[in-house]
Amino acid sequence: MKPPPFQYHDPKTLAEAVGLLGKLDNAKLLAGGQSLMPMLNMRFVQPDHIIDINRVEGMSGIKESGGALEIGAMTRQRDLEFSDLIEARCPLLHQAIMHIGHRQTRNRGTIGGSLCHLDPAAELVSVCAAHDAMVTVAGPNGTREIAFADFPAGYLTPAIELNEIVTTIRIPLWPAGHKAAFIEFSRRHGDFAIVSAAALLQVDGGKISRASVTVGGVAVAPVRVRDVEKAITGQAPTSELFAKVCESCRSIEAMADIHASADYRQHLAAVLSRRALEKAAGLADNAPWNRVH
Amino acid sequence: MGNMTDKRTITVSVNGTKYTKEVPVRITLADFIRYELGLTGTHLGCEHGVCGACTILLDGRSARSCLMLAVQADGHELLTVEGIAPSPDKLHPLQEAFRDNHGLQCGFCTPGMLTTLLEFLRDNPDPTEQEVRVAISGNLCRCTGYQGIVLAALDAAKRIKAARA
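Heads up: the protein sequence lines correspond to chains A and B, in order. Okay, so the first sequence: first residue is 1 according to the working numbering, each after it adds one. Okay, so the second sequence: first residue is 1001 according to the working numbering, each after it adds one.
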């Protein structure tokens, strides 16, 4: 099991990388390599050219700007994990990071790589959907921004052109004091989730004033459950309410594969969205499934 | 120059020794370490990033060497299992703890366990059992049932602390 033959390019600037991507046929970008390298080793992909962007300057970093987190596409998942800024300002991302693979893979894996690989169960993909992130891509004619709702074009396929590179992810922040929870169900720690759920809540005067509920791993891309968001807004957060409204997740069109049937995924979507809301609202502190790890 | 012969010259420091070699661009870092450098302590299990046996430290951070190309390590510092012991006749406290706590049987996963735990104990010198279990969750062992490895890691944390005091 070895990578197939290819020609290797390691540009030092973004312009050089975009130029190569536009010029070379059947080229693949190599970011953290934690998905592409297994696919190469198993020969699921056989590119003629690998464009390694690990030596491109200025593509990583985390900062807060204009009410949003701005994260360079080549920022390693480890750096997201250990970021005090993210822990303080974006608790959903902080919680989600700990579910991504293992330390060895987070040390290499990048946020941009994860978004472009676009695994249906990828944690960072769900967080971007939950937070209505904006993705900046650079191409031969400059840069453009894509709303994350429009980013997935299909299974493992982002809506970017062949000659474009994701450079920055903007994650609009929720007000200080908002509640967040990210939970998932997987067979073993660090495995891809079969289903995950992300909840964001803003509670004012005992009532939910704003809600974001996302389930990952159910469909080809994370699903924002708008009817749940709508049904709980204006209500007081209770377990009974969440249990009732999350039943609607059973009607999400779900994938079936060797890991789980569509029915089972729909069931998990209903259960995990309810649990994520309960956890975010502080109603699950003593729940057996809510252990710290 | 055809695809099959695309090669690059790289310089890497492995366990403190500098190597300059011409390598095919498609060779993985794991195969480079084993076949080009002859350091066969780094083991290859799955070769697609699941088993953790090939874990090495790249500039002090753990990484799966089967998920990197050798050319990507150009200019970087690597540590493999051969570089953990302080001298040929003395084991590192982590290795001693593995020996004393039955942290290995067949030894296949051990290089990956040791490198993973070396980084982990540096980041977290006083871990809980649960934290150790999470830290080694990316390393598969089919002999020990993990119990001996967890005990070894907790024991190693104490030994490393005692050695520093």
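One or more of the hints may lead you astray.
[Said to hold, decoys possible] Between beta-carbon pairs, the in silico distance windows are:
no., chain 1, residue 1, chain 2, residue 2, range
1, A, E16, B, R1164, 43 to 53 Å
2, A, M42, B, C1106, 38 to 48 Å
3, A, M42, B, K1021, 20 to 30 Å
Worth flagging that the hints you see were computed from the coordinates, not collected in a lab. None of these values were measured; they are calculated from a predicted model. Ideal Cβ positions, reconstructed from N, Cα and C, are used throughout, including at glycine.
Outcome of the hint check:
1. A:E16 / B:R1164: 43 to 53 Å: holds, 46 Å
2. A:M42 / B:C1106: 38 to 48 Å: Once the Cβ atoms are compared, 25 Å apart, the range 38 to 48 Å for B:C1106 and A:M42 is violated.
3. A:M42 / B:K1021: 20 to 30 Å: holds, 26 Å
Comparing the model with each numbered hint stated earlier shows that hint 2 is the single one that does not hold.
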